[in-house]
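Undergrad: Residue numbers (this note's numbering), protein chains in the order written: chain A, 8 to 123; chain B, 289 to 400.
Hints listed in this document are in silico derivations from the structure and should not be mistaken for laboratory results.
There may be inaccurate statements among the hints.
[What the hints assert, rightly or not] Capping the alpha-carbon separation at 27 Å, the derived lysine-lysine pairs in DSSO-like fashion look like this:
#1 A:90 x A:49
#2 B:349 x A:49
#3 A:64 x B:387
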Amino acid sequence: EPEVTQTPSHQVTQMGQEVILRCVPISNHLYFYWYRQILGQKVEFLVSFYNNEISEKSEIFDDQFSVERPDGSNFTLKIRSTKLEDSAMYFCASRSRTGGENEKLFFGSGTQLSVL
Amino acid sequence: AQSVTQPDIHITVSEGASLELRCNYSYGATPYLFWYVQSPGQGLQLLLKYFSGDTLVQGIKGFEAEFKRSQSSFNLRKPSVHWSDAAEYFCAVGGATNKLIFGTGTLLAVQP
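One chain only, chain A, in its complex shape (with noise of 0.2 Å):
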């Protein structure tokens, strides 16, 4: 089956630094999302992504996130001064077309990123 890649898997960072999450989406795949997770707490939707345009955002997503596909394959979530409370884990997903019952949303494993 194919695979939404992240990179890092752990990420370390001090207070108001910028941090840049990296995704490789599935190739043909034409919507793109970040979710994250704050340990304990339930999966959040931050952000999607259509036709190189943030499409919806949550609350969460304010003025210090954004995102980014740069090139044909990568999406990025830049987090631009990190605050301990984005300690979290990131999870990157992806799909093909406008939802429906043969859509599946495809998520990769995640990046923690921990603000120290």
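Using the hints, position chain B against chain A.
TA: Only chain B this time, still in chain A's reference frame:
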């Protein structure tokens, strides 16, 4: 408000025993319902989904789930649990855009 509740944080069952993981949802429109499994160090793997039609849905690894609209529930079941089923299980609800709302998860431990 849209939400998913998984009331059991942690469940332990014996290998070979039956399993039922509970999920209740609140969603304004017709829900699309999902169960995902996450093994340590792995991503979220889709077990099964309900979009419409037959309310009993079969998934991978011998799992099934039943959608009960009157109870706003989508419980996951397996008749005989294997040690390899030990993992965390997430119920999720969404609409056509696949923006998903997840529950807090249920951690399943399997005793030999």
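Undergrad: Each hint should be assessed against the structure and marked as holding or not.
TA: Here is what the structure says about each hint:
no. : hint         : in the structure
1   : A:90 x A:49  : 19 Å, holds
2   : B:349 x A:49 : 24 Å, holds
3   : A:64 x B:387 : 10 Å, holds
Checked against the numbered hints given earlier, the structure satisfies every one of them.
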